[in-house]
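A.B. asks: So the chains spell out like this:
There are 4 protein chains.
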Amino acid sequence: MIIQLTSSIQSSQKDSIVSKVTSLGYKSTEVNTQLGSYLIAIGKKEFDIRQIGFMPGIADIHQVSDEYKLVSRKWKVDQTQVDLGDGVFIGGGSLAIMAGPCSIETEKQVELTLTHLKKSGVKIMRGGVFKPRSSPYAFRGLGVDGLKMWHQLAKAAGIKIISEVMQVSQIAEMDDYVDVFQVGARNTQNFNLLDELGKVDKPVMIKRGISGTLEELLSSAEYVFSGGNEKLILCERGIRTYEKASRNTMDINAIPILKEKSHLPVVADPSHGIGIREYVEPVALAAVMAGADGIIYETHQKPEEAYSDAQQTLDFSESERLIRKMKEAFALRDSW
Amino acid sequence: MIIQLTSSIQSSQKDSIVSKVTSLGYKSTEVNTQLGSYLIAIGKKEFDIRQIGFMPGIADIHQVSDEYKLVSRKWKVDQTQVDLGDGVFIGGGSLAIMAGPCSIETEKQVELTLTHLKKSGVKIMRGGVFKPRSSPYAFRGLGVDGLKMWHQLAKAAGIKIISEVMQVSQIAEMDDYVDVFQVGARNTQNFNLLDELGKVDKPVMIKRGISGTLEELLSSAEYVFSGGNEKLILCERGIRTYEKASRNTMDINAIPILKEKSHLPVVADPSHGIGIREYVEPVALAAVMAGADGIIYETHQKPEEAYSDAQQTLDFSESERLIRKMKEAFALRDSW
Amino acid sequence: MIIQLTSSIQSSQKDSIVSKVTSLGYKSTEVNTQLGSYLIAIGKKEFDIRQIGFMPGIADIHQVSDEYKLVSRKWKVDQTQVDLGDGVFIGGGSLAIMAGPCSIETEKQVELTLTHLKKSGVKIMRGGVFKPRSSPYAFRGLGVDGLKMWHQLAKAAGIKIISEVMQVSQIAEMDDYVDVFQVGARNTQNFNLLDELGKVDKPVMIKRGISGTLEELLSSAEYVFSGGNEKLILCERGIRTYEKASRNTMDINAIPILKEKSHLPVVADPSHGIGIREYVEPVALAAVMAGADGIIYETHQKPEEAYSDAQQTLDFSESERLIRKMKEAFALRDSW
Amino acid sequence: MIIQLTSSIQSSQKDSIVSKVTSLGYKSTEVNTQLGSYLIAIGKKEFDIRQIGFMPGIADIHQVSDEYKLVSRKWKVDQTQVDLGDGVFIGGGSLAIMAGPCSIETEKQVELTLTHLKKSGVKIMRGGVFKPRSSPYAFRGLGVDGLKMWHQLAKAAGIKIISEVMQVSQIAEMDDYVDVFQVGARNTQNFNLLDELGKVDKPVMIKRGISGTLEELLSSAEYVFSGGNEKLILCERGIRTYEKASRNTMDINAIPILKEKSHLPVVADPSHGIGIREYVEPVALAAVMAGADGIIYETHQKPEEAYSDAQQTLDFSESERLIRKMKEAFALRDSW
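Residue numbers (my numbering), protein chains in the order written: chain A, 1317 to 1652; chain B, 1317 to 1652; chain C, 1317 to 1652; chain D, 1317 to 1652.
I should point out that these hints are in silico values taken from the structure, not numbers from a laboratory.
Note that the coordinates shown come from a computational prediction; the quantities given were computed from them, not determined experimentally.
One thing to keep in mind: the hints can contain errors.
Identical copies go unnamed one by one, so any copy, or any two together, can satisfy a pair.
When the alpha-carbon atoms are kept at most 27 Å apart in a straight line, the in silico DSSO-like pairs for lysine-lysine are as follows [to be verified]: (1) LYS1464 x LYS1439; (2) LYS1360 x LYS1343; (3) LYS1518 x LYS1361; (4) LYS1390 x LYS1471; (5) LYS1439 x LYS1471; (6) LYS1390 x LYS1361; (7) LYS1471 x LYS1560; (8) LYS1390 x LYS1330; (9) LYS1343 x LYS1618; (10) LYS1435 x LYS1560; (11) LYS1392 x LYS1360; (12) LYS1643 x LYS1360; (13) LYS1618 x LYS1360; (14) LYS1434 x LYS1515; (15) LYS1392 x LYS1330; (16) LYS1643 x LYS1618; (17) LYS1515 x LYS1424.
Required output: the full structure, derived from the provided sequences and hints.
C.D. replies: Structure below.
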């Protein structure tokens, strides 16, 4: 159960509500976000909400049967629109395009990418400075110095930045230089990281785990929301299955299902979803048609020379063509 | 290696080619289809094809490294177009729509469905008369009598029929009454059935196995082709994964991959691919955008009263809307 | 619901029971096996069984909530012991060992294998004469002639035969020459084949599907049982998962679960379960310890020269060592 | 390539080796553990190791083709034995038993468990004080205070402690109070955590990821080893598959495969591997027979009242019986 509190609630009123809820056999958790205050009451017995509905300080009460509560669409029918500032949004009826290299490599590379994105009207650039790698001997990214360089150039170009955060200590280091924190597929259930991202006032995009269920993805989002941060985006990036003809199996089903279950925007990552350069386009277009609020993909001036993910990265002319087609596909979808 | 033979080849010439190929350490299989004659030569050693290229009776020679040969795109770049007669085709640049109930139930139902399809410009009706059911106590379909009734009505309406064949003995029973034989997901590797369908001069659509790989699907098609029947269609219908939020996981990646690996048309089945009525539409549209040559889905005048698959069946107004949107999506894709 | 009928029931009594059950809203299926007669009543409403319990011709009534009925342990607590004749059994407290090559190849091979088995005290030989192969160009087995040769030699040696049947027409061909019909992993849901095997009075071992659930395996066994054949054995042979370090993932959990859910004997196939020769032994021993009623595995006089499955086949000295260890492991388990 | 350095190597000698390796086109990483010093040289070109073999400071050179190097058995044939102190070991020919509750709950519970373990001759107690939970509203463990209480009681009883560490900041907090750090299935690829555990001189047991490959597990162990900590244990705990009859699918194959690929001890967790209390015993016994060096499982004085994992936890009498059987099974295996 979600008990929405009024913004003017007094602390004694809150105490009374908590006592009442506790006396009814429920365990309550107080949640304060950028946008509101809530009590999440968890319990097994049902009770008549009229028993508490009259109490001062309560704005609204919602019964939510899902395991996750605050990210459920059962209490918030309107889709959340995440604001990145300067008129850039994810969700809420537009199509957000995020493109860029797997890893930030050089100043030159960043400049070329920004030029390409500006020309194509793309407002968000992706890139990794901390890279999760299976092998300890592989390239692990440029780190914070690379991020600062990138941020300076992107800011000058009027382009927003999304980049992966891998551990708690990186949150503070990165906070001034990113517009969206990305939680990677290996960290979807890194609960300490999620807890800490709840304390930040900056959008967070959570990727589905490598073999995570949709339920788990939503519960991970609930961690961040209940920690205090409502600015959340979900991302489908393919799952691990028995089929090895593609790197992952893009779960196209996840898009309509997540949009039905949650009010959060849903982004698709076709680069990881299929993992093969020549098929990124059809998968991206399919995701647009299935209802995605955004697409995030990898592009590089010379994919074959990229430090990582070379086999699934588009060059700029492929990227340009994809952007044009995605816009046309989205326009068609939007016309229905 | 595929050795294409000339139509005028004499039997002594064929013998010479077989002898030569055998002497080079290859095992050869002769294949005669509706459209041509081939020798499939399988062996490990490489040899210079000029050693046999001059022999009379040989039209062309193709080296194909894939496990499957005749269905590979490595020797036949142009996409196959399967002709159902009366100007109805699958593949070759159009979008084939196939719709109808899970099971054929009554004359009334067939009539209503035909009327709906005609009105919407759909030329192929799907429906099952032999139903594979996990439980021996479940409804197993109307059998051949149902098929005859359906065929009579469909023929009068000018609509083609696709229906599942479950065992060898049904092939002869069904042959006069279907336009396309469907091999179901539980029979993708029923090799005896595939062998027999190779002897039929009628299109066959093979569904991917419940957890079949794309390689296995193509090898199953190779069975039918090498048995003598080139009129083949592949169908992606979702695979079994750990995720239980949907009935199956629609493998959208399979569409571009199959189209690259094979010259055969690729159809998508969103009804089984997601298994949830309200999400069939976005998944169908995604499949169109990903490059499918056709869509097969379930519709019924009263889905909640259908004998089977009620939870994934569209009603006629949903079906009409889907058809309209698919046509618009296909037109957009076709314009690129 | 399973209604066990008396052996002396009269047909008018049976009619009365069917009418009564129908009037209560249940659909009934009559089942006559080698061992008894049953009515399977399927319906949604609950009724008090005392309403029918008094009726003449009824021996017993069992409420079984599982989807499958006759193979459930909910009505038959004692484990089924399948009798192969001449004092050879599967199930019922002993450990049945079945060994032999993937494919029957030559007379010489059969003789060597029989000698090895006799020496080791193994009473059942496995071998394939009809081979399901993904590629139409691969070796498909010696067919019925090979089976006859094998049968003659095995009979002389006092060894029983288990061999795979792939299609309905092979049942009659094989019937005189096998002691146990095996249904392979690609045919677990070949329902027509299962129906026909219900009409045979000979043991049938059903392998779990390549990605079949335990529920599906039990439902497939229900097909054969409800068709009239109670002589059934279940076989776990590994499932398809994302992990490619082994050919399949042996589902060791399946053994205790199947033994709890069903009264049928449960055999394990470590050769296919892991697919790597040097690890067949530990997996076989694990299966014995987990409670398997039998082990089926591949052995060949020269594994590296076997026509098929060379990489997972033991030579005779490995086989001998495995047999000795399995007997010791089983003796320990049996002592508890 | 692993270049083992002598303990007396001088820094100038090391510099010469690094220069030489670099000049040959290899990238080198220096690794210093509790037990030795190594240079890991990664590169694509092959070179004749005699080119460097003569250089002073080199003890030995091993070519290791695996992605992981230091944990591979290709350079270290003898199995690693991890020393927990006071004569308690994991690996090296004995069977280590680790048992205890999912979560540490109360002093009373700890005392009862310790008494049970002492009586049964078990020397390592498991238990969680930081619990990874999908839902932010679930019980998250007693934290460090619980650990201190537990440690005091266990130390007095002469029992070692293994407990999960979830994030970098907990390493220092826990270090004085645990004997083995456990990395949970959701953190197998938390590379920052692995890096930090490389700096600790205390055994680390790494669980396989929820759908992690064996290759990934070994690479995660490589992170810790290359960070400086050789005291490593691998743990198979079941993987996520399509089968939902059990919580996870215990991958019994993983045990012999990991033992072949790596010199590290391999422990099995049947509680999570099957997730159903009544089947923990057969799965544990199977794992012993398959070659496991240890078994870790959940036990509680009153499983039905446990704060977490109640459905897969043994009571003390079940635990006692399991311990006795595991010892007998291990004795049999050891006799071969």
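A.B. asks: For each hint given before, does the structure comply? Return the numbers of the non-compliant ones in rising order.
C.D. replies: 3, 4, 7, 10, 12, 14 and 17
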